[in-house]
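Using the sequences provided together with the hints, build the complete structure.
Per the numbering used here, the sequence shown starts with residue 2, numbered consecutively.
I should point out that these hints are in silico values taken from the structure, not numbers from a laboratory.
Treat each hint with caution, since some may be false.
Distance windows between CB atoms, simulated [unchecked claim]:
no. : residue 1 : residue 2 : range
1   : P52       : Q100      : 16 to 22 Å
2   : S99       : A64       : 43 to 49 Å
3   : D9        : A37       : 43 to 49 Å
The model shown is predicted, which means the values in this text are computed figures rather than measured ones.
Using N, Cα and C, we set each Cβ at its ideal position, and we do this for glycine too.
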Amino acid sequence: LRAGAYTDWVLRVARRIELVPGVRVGLFGSRRPREAPSTGRKRWLIPALDPRITARVTLAPGAAWLSSFGLAHQYPSLRLGDAPAPIVSVPGFPFDVSQLQQSMQGSQGFEVELPGDVTGSASGFYSLSWGLTDLSASCYQLEPETREPPTMQMQIVVPPYVCPNNRPVRGRAYGLELM
2 LRAGAYTDWV LRVARRIELV PGVRVGLFGS RRPREAPSTG RKRWLIPALD PRITARVTLA
62 PGAAWLSSFG LAHQYPSLRL GDAPAPIVSV PGFPFDVSQL QQSMQGSQGF EVELPGDVTG
122 SASGFYSLSW GLTDLSASCY QLEPETREPP TMQMQIVVPP YVCPNNRPVR GRAYGLELM
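Put into structure tokens, the structure is as follows:
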């Protein structure tokens, strides 16, 4: 991230209702040598706007309903050849690609004040992401080839992976968070 800024506003809509709209603005930059046989360096500067909103509704003294929704952007993962991203990757833009990974996130939950100045909460969340390069549905592991029996020297074996199509994919995450 080259530069970024975030701001939000707390709006008390009614005595028990609070809305907090916010926005993050970011400028993502990346620079690297051009793909061979070209020479020189390629530079990307990509702006991103991430709006979000949170609502808090007091249901009773010490109990509240919480809701949030927002969009988020991040760098894609650069891979080393066909190796899957969990093995070798760094943030940045692949050759001829300047698309950020994007995510739409939402959550709903409840918050309760407990004895001893403790606050407990339970929230369900859902996230839909697209433009993912760190998870590719077309990456798979090949069975290791037959090898000679090990010698006295330690051998490091990296399983062979194949990613014939490193195109971005979609993903989702959902669950329950208890705090």
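Here is how each hint holds up against the structure:
no., hint, verdict
1, P52 <-> Q100: 16 to 22 Å, "holds (19 Å)"
2, S99 <-> A64: 43 to 49 Å, "holds (46 Å)"
3, D9 <-> A37: 43 to 49 Å, "holds (46 Å)"
In terms of the numbered hints stated before, the structure departs from none.
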